[in-house]
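**Q** One line per chain: the protein sequences are A and B, in this order. Here UniProt numbering is used: the first residue of the first sequence is 1, the next is one more, and so on. Here UniProt numbering is used: the first residue of the second sequence is 1, the next is one more, and so on.
The set of hints was computed from the structure by calculation and includes no laboratory data. Just so it is clear, the structure is predicted and the values come from calculations on it, not from any experiment. A few of these clues could be false.
Not the full set, but computed from the structure, chain A residues with beta-carbon under 10 Å of chain B [said to hold, decoys possible]:
no., residue
1, Thr-464
2, Gly-466
3, Arg-497
4, Phe-646
5, Glu-653
6, Ser-709
7, Met-876
The calculated SDA-like cross-link candidates involving lysine to any residue, where the alpha carbons are at most 25 Å apart (straight line), are [as the list claims (entries may be wrong)]:
no., chain 1, residue 1, chain 2, residue 2
8, A, Lys-626, B, Gln-161
9, A, Lys-140, A, Gly-264
10, A, Lys-31, A, Ile-72
11, A, Lys-839, B, Phe-172
According to the in silico footprint, chain A covers these stretches of chain B (three or more CB under 8 Å from chain A) [to be verified]:
no., segment
12, 150 to 158
13, 161 to 170
Just so it is clear, CB atoms sit at the ideal spot from N, CA and C, and this is done for glycine as well.
Here are the chains, one letter per residue:
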Amino acid sequence: MAVTGSIVFLAIFVGCSYALFADQAGLFDWKQDYVGKVKFLHWEQLPSAGKKVLLASEKNVIASVNAHDGSIVWRKIFESDRRGRIDAFLHHGNAVVSVQAGGQFVRSWHAGSGSLNWEKSLTTDSASWASAFLLEREGKRDRIIVTTSSTMHCLKLSDGLEEWRAELPNSDTVNRWFVQGQSDGFVAVGVTAGQRVTVVSVGVEGKVKQPKNVPAPWIALDTSCVIMEDSKHFVCYSAQTSSLQLLSLEAVSVFIPTDLKELGVATSNDSQIEAVVPELGSTIMFRSLENQLVLMSLTSQQAFSVHKVLDKTYTAQVTKHAEKSILLTLAQAGPESLKLTGVDFTAGTEIEDLSQTFPFAHYHGHPTKLYPFVFTKKKDSSNKPACKLIFSSQDYSLHFVQKNKAQWRREESLSYILTVQMVDLPVSENQAKFEDEFGTKEEDIFAMFIKRLKAQFSQLKVFTMGLMDRVMGHTHHYTVSSDAIEEEEPEEEDLVRDDFNLHKIIVVATASGKIYGIRSHTGKIAWQQFVPDLVPFQRYGQLKLLLLVQRTTAHFPHAPQCTVLGVSKQTGNGLLISFNPVTGALLSGRQGQGHDLGFKVVQAEMLAEMDAEFLKGLILIDDHNKPHIYPESSQSVFKALTMQLFFHLMNSETGIMTGYRLTPSASELSLDEIWTLDLQKSQQTITGVYGKRAIDLVHSQGRVLGDRSVLYKYLNPNLVAVVAEGEEILSSSNNKGPSAFFSLYLIDGVTGHIVHHQTHKRSRGPVKVIHSENWVVYTYFNEKYRRNEVGVLELYEGRQQSNSTAFSSFSPPPPPLVMRQAYIFPEPIYAMASTVTEKGITSKNIILALKIGGVLSLPKALLDPRRPVMPTQETMEEGTIPYVPEIPLSTEALVNYNRSIFNVDGVFTSPAGLESTSLVFVHGIDIFYTRVMPSRMFDVLKEDFDYLFIGSVLGVMILVSFITQKLAARKALNRAWK
Amino acid sequence: MSKRRHKWTIDFVGSGRGRNDRAIVSSAENLPTPVGFVDATIVPDKIRDADPTLIIKRSWDIALGPIKQIPMNMFIMWMAGSSISIFPIMMVGMMFFRPIQAMLAIQNTFKSIEGDQAAFQKLVYCIGNMLCLAMAVYKCQTMGLLPTHASDWLAFVQPQQRMEWSGGGLLF
Chain A
1 MAVTGSIVFL AIFVGCSYAL FADQAGLFDW KQDYVGKVKF LHWEQLPSAG
51 KKVLLASEKN VIASVNAHDG SIVWRKIFES DRRGRIDAFL HHGNAVVSVQ
101 AGGQFVRSWH AGSGSLNWEK SLTTDSASWA SAFLLEREGK RDRIIVTTSS
151 TMHCLKLSDG LEEWRAELPN SDTVNRWFVQ GQSDGFVAVG VTAGQRVTVV
201 SVGVEGKVKQ PKNVPAPWIA LDTSCVIMED SKHFVCYSAQ TSSLQLLSLE
251 AVSVFIPTDL KELGVATSND SQIEAVVPEL GSTIMFRSLE NQLVLMSLTS
301 QQAFSVHKVL DKTYTAQVTK HAEKSILLTL AQAGPESLKL TGVDFTAGTE
351 IEDLSQTFPF AHYHGHPTKL YPFVFTKKKD SSNKPACKLI FSSQDYSLHF
401 VQKNKAQWRR EESLSYILTV QMVDLPVSEN QAKFEDEFGT KEEDIFAMFI
451 KRLKAQFSQL KVFTMGLMDR VMGHTHHYTV SSDAIEEEEP EEEDLVRDDF
501 NLHKIIVVAT ASGKIYGIRS HTGKIAWQQF VPDLVPFQRY GQLKLLLLVQ
551 RTTAHFPHAP QCTVLGVSKQ TGNGLLISFN PVTGALLSGR QGQGHDLGFK
601 VVQAEMLAEM DAEFLKGLIL IDDHNKPHIY PESSQSVFKA LTMQLFFHLM
651 NSETGIMTGY RLTPSASELS LDEIWTLDLQ KSQQTITGVY GKRAIDLVHS
701 QGRVLGDRSV LYKYLNPNLV AVVAEGEEIL SSSNNKGPSA FFSLYLIDGV
751 TGHIVHHQTH KRSRGPVKVI HSENWVVYTY FNEKYRRNEV GVLELYEGRQ
801 QSNSTAFSSF SPPPPPLVMR QAYIFPEPIY AMASTVTEKG ITSKNIILAL
851 KIGGVLSLPK ALLDPRRPVM PTQETMEEGT IPYVPEIPLS TEALVNYNRS
901 IFNVDGVFTS PAGLESTSLV FVHGIDIFYT RVMPSRMFDV LKEDFDYLFI
951 GSVLGVMILV SFITQKLAAR KALNRAWK
Chain B
1 MSKRRHKWTI DFVGSGRGRN DRAIVSSAEN LPTPVGFVDA TIVPDKIRDA
51 DPTLIIKRSW DIALGPIKQI PMNMFIMWMA GSSISIFPIM MVGMMFFRPI
101 QAMLAIQNTF KSIEGDQAAF QKLVYCIGNM LCLAMAVYKC QTMGLLPTHA
151 SDWLAFVQPQ QRMEWSGGGL LF
C-alpha cells in the first residue's frame, strides 16, 4: 500500500513540473483584456469629469476605461448567458447602475473602484428586457425607475430601497416596456412581440390607470421605438414595410404609418430610430443608410416631415454644453480620415473649435456610434469649447480622439474570436536561398557552386550587419510620424522564423468580420483586414466561421495561403476570403470584399492532398448537396488521387446522418448517397460531430503492457464522435421529473458503421468532446450526484494488428476493444483541447479552461481508462496510475497562474518546431497565449543551464589532464634515470 | 671469465679503486678460477622427457576452463538479480566480455593445446565459451534486455496508410 500511496502522490505532483518560477511570469505567455462590443457608454462625472468612461458591453461586461490611454481601470464580467445580459446602464454622480437579466439583478457600483454598493432582485423572468432611467424630481436625480416585464419599481439610488412599485398589466405577454416620465407620472408602452402594444399610464406614486391595447403584428422585441419628448406619441420603425409607425398615446386607437419612400428617405438593413432630439421639439433622428441620418419632425397632422438630411454622415449626437445644443456629426473627410463637425443647433452655425480631422484606417469599417464629451478649456479664459470623442466603429473597435489625434483604440472584436489557426513564419532570406539551392535538382555543379557562394556571402553580410548593429547600438531607422495610424510597421527581419519555430502568426477570424494576424511572441497585431460583408454561419445560436490553411509556409517560392469561409451579409451565399497569413494581403477579389460563391454552403472540408502548386483544395457542399471545389485548379488533384473520397452530412433537424461518395469525373464532382443513419430525432438532438484533427499525428501505434506485449491502437482516421443530448420520457412508475441523458456514438464516416455507442443516463450537457488518436475525452454534468465528470474512451485493436500497413474502413479490423472510465472533475469547464506536437512523440496533455478562471494542463495519463482499481505488479510495470475517482486539481498545473480568464469560448493548440512544446491560445473575452511542455522540456537545455560553469569545469579538466600528463612523463623519466 | 658482478663483491684493487675507496676486496678478475669451478650454469641436455599424459592433462585443463566457470557464473547471476542497475549490468558485461575475449584469443590458446585429443579439446573449449555466452544471453533475457517482444519494435512500426478520405459534419 505504501507503493500505491507513493504513486498517487507522484500522480498528484505530476503537474508540478509545469509550474513557472516567479520570474518566468509573462516570459512565455501574454494576456489581453477586452470588454466586447460597447452597448452603453457614459463619461464619468465624478471626481473629475471626462477622465474615465464607464461602459457596458454585449459580452455582459461592465468596465471603467481610462480615457487617457484606454486601459481598463476595473472590469466586472457576468455570465455569458441571459442571466448576465445588461439591459440598462445608468450613471449618476459616483454611482453606476446596471440592470441585468430583465431586472433579475439591479446592481449599483462605485464608479471609481467598481465595488458593489447594493444589489436587488426584482423579478425572476430573465427572458424579457428591462428598462431603467434616472428620475429627475425637483432638480435632484436620486431615484431610478426600473421596469421589468411585470412591475415598475422606484428605487433610491443611494441604497436601492424600494419607494413604491406598480404592477403592470399584461405582464405575462409583454416582453419589454418603454417608459417615460412626465409631469404627473409615467407613461409606459409595453411591447408584445408579434402581437400588440399595451399603453398604460402610471401615477406618481405608482397608481396604474386603465391599460389600452393596440394591435401591432409587425412589432418585434428588438424593434427600435421611442416615446416622443412630449410623452404623447410613440414611434416605431417597421422594417418590413419601411415605414414609421406613430401611435398617439392620448387617443390610443391605431398606429398611423408614414411611408418613408414617400418622404424620399431611403432605407436599408441598418435603418433604425437612433434617438429623439428634444431640442428641436418632436423630432427624431433616423438612420436611413449606414452613412446617412435624417432628422424628422412630427407635424401637427400626425405625420412626419424631413427636417434635415445629414448626408455622408456616419453618426451624430446632440449634446448640451453651456446652454447650447450642439449637434456633433462624424463624416468621412478623406480616404483614411474622418471629420468631426459641431453645429450650434439654435443658431445654426458651425462651432469651429469643435471641428477635428483625424486619421481613421479603412480596416475599421465606418463609425457607428459617437460618444462625445464637450468641455470648456480651462487654460485660457476665452471659454472655448473642446471635445473629447469616443466612437465605436463597425468592427466593434473603440476609438478615442482628442486634438485631431487618434490617441488610442481598443480592438474589441478580439473578444469575438470564432476560429484560430497558427501559421509558421517564413524562413529568413538566407535560409530560403539554401532551400532554393537544394530544391532544384536539374542544375550542373558549377551553377550550384555559384549559388552556394552567393548564399554564404549573403550569410556573411547579414552576420556582419548584425555585428555592426550590436556595436553601434540600436538606431531608429524610422521616425514615428505624428499622424501614424498604424502600429509600428512590422520590420522585415522581425517576421522571420526563429530557431525552434516557436514564434508564429496567430490568425483569428472574428464574428464582426474582422481577420487579424497576431504575433504569438508579443501579442501585437501584425495585420488586420476587415470584410464588412463577412458574417458567420449561424446554427441554433452558435456562430461558426471556418479558417483553413490551404498552403503552409513550407513551399518557399509560393506564398502561404489561408482561407476564411463565412456567409455573405448581402446575399446569404458562402463567402471566401483568401489571404496571405503572414502579411495579411488579400489574394482574391476586390479589397475587403471576398469571393461570393454564388451558392449557400452547408458543409466544407479541406482535402488532404496538395495540387501542383502545393495548394490544398476545399470541397464545398451547397444546399442542393452538390459539391464544388475551390480553387478550380485543385481539380487536377483528383487525377493522381489514390484515396477514395467520402463525405458525411449530419442534419440535426432530422437526426439523420447521410454518407456520400464523392466521385470526381472529368467535368465535375458528383456526390452519391451511399448510406443513411437515423439517430432518433424524436428522443435526442445531435449537438456535435467531432472528427480528428488532420495535424494530429500518432507516433506510437500501440501501447506496451506490463508483460511487454503490445496493445495496438485502433486508429481509424475516418472515425467521428457524435454526441446527442435528450430528455428521457417519463415512465409512470417513477414520479421524478424528466431526466436528461446523452448518447455518444463513434461512427465510421466512410461506411456509417457504428463502432461504439453508449448512453449516460441522468447526465446532461453541454458535452465537450476531444477526439484524438484512439481516444475520446468528454465532460458532462452528472445530475444524479450533481457534479462535473469527465469520461474517457480508448479503443484498441488488440494484441494483433490486422493490417499493419494500411487502414481501410471497408475491410476494417475486428471490432475494437473499448475501454472506458469516468472521473469526477472538481470544477466546471468552459472549453478544452488536447496538445499537439510536431511528430506526436510527446505525451499528450489536456488543456481545460476552468470556470474558476484557470487554464489547467492535465496529463492524459490521469485520464486513462487502463488505470487499475487494484494495482498489481504488471500494472506498475506498465506505469499506469492506480484508479482514484477524483482528478486532482493541482494549482501548479494552472498555466495561467494568477491571470484568470473568464467566459472562454475556445482553446486552440498548435505544434511548435520543438517536439516537446505545444502552443496554447485561449480566447473568450480575453485572449491568452502560452506554451506547454507535456513531457517537460526534453529536447532543449533549460534556461538556467550553467554554460559558464560546465564550460569552465570542462576547460579546467582538459588543462589538468595535460598538466598531469606532463608531470607523469617527467616523473617516469626521473625514475628511469635513477 | 664471468662478467657477472654480484652485489656483494667488493673490489679492493680494480678499476673501481679510484672512485670507491671503500672497495677493499679485489675481484677475481685476473685470477684463475678455482678448481672445479665451471663458469656456466649447468643446463641439462633434456630437462625431462615429454610426458604425453601430462600434456593431455594440461590441455584438458585449458579446454575445460570455460566450463568450470559456469557454476561460478551461475552463482554470480543469481546474486546479481534481474534489476537494471549498474552492478548487474557490469556483471552481465563481464559475462559477455570474458568468453568473447577468450574466443578472440583462441589462436594463442590452441597453440598450447597439444596431443592426440587436441581436436576434441578445442571443440570442448569452444563449447564451453559458447555456453558462457549463452548464459550471458539468458541473463540478458531474464533482465529483459533482449528485443524479443513486439513492444521492442513498436517504435519502428509505421503508421497505417489511409485508404479513404472522409470529411463532413453538422450542416452549417
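**Q** With a cut-off of 25 Å on the C-alpha distance, tell me whether A:Lys-839 and B:Phe-172 pass.
**A** Cα-Cα ~32 Å, so violated.
**Q** Is the shortest C-beta separation between A:Phe-646 and chain B less than 10 Å?
**A** For A:Phe-646, the interface hint holds, since the closest Cβ of chain B sits about 4 Å away, which is under 10 Å.
**Q** With the threshold set at 25 Å, check whether the alpha-carbon distance from A:Lys-31 to A:Ile-72 stays at or below it.
**A** holds (13 Å)
**Q** Within a Cα-Cα threshold of 25 Å, do A:Lys-626 and B:Gln-161 meet the stated pairing?
**A** violated (29 Å)
**Q** Three residues or more, CB to CB closer than 8 Å: is that satisfied between the segment 150 to 158 of chain B and chain A?
**A** holds (count 7)
**Q** Given A:Glu-653 as an interface hint, is its Cβ closer than 10 Å to any Cβ of chain B?
**A** holds (8 Å)
**Q** Verify the proposed pairing of A:Lys-140 with A:Gly-264, using a straight-line Cα cut of 25 Å.
**A** violated (43 Å)
**Q** Can you verify the interface hint for A:Thr-464: is its Cβ closer than 10 Å to any Cβ in chain B?
**A** violated (45 Å)
**Q** Tell me if the interface restraint on A:Gly-466 is satisfied: Cβ within less than 10 Å of some Cβ in chain B.
**A** Constraint on A:Gly-466 not satisfied, violated at 41 Å.
**Q** Tell me if the interface restraint on A:Met-876 is satisfied: Cβ within less than 10 Å of some Cβ in chain B.
**A** This hint is violated: A:Met-876 lies away from chain B, its Cβ roughly 14 Å from the closest one there, beyond 10 Å.
**Q** Checking hints one by one. Is A:Arg-497 an interface residue toward chain B, by the C-beta closer than 10 Å rule?
**A** Since the shortest Cβ distance to chain B is 27 Å, the answer is violated.
**Q** Does A:Ser-709 hold up as a contact with chain B if the rule is Cβ-Cβ below 10 Å?
**A** holds (6 Å)
Checked against the numbered hints given earlier, this structure breaks hints 1, 2, 3, 7, 8, 9 and 11; the rest are met.
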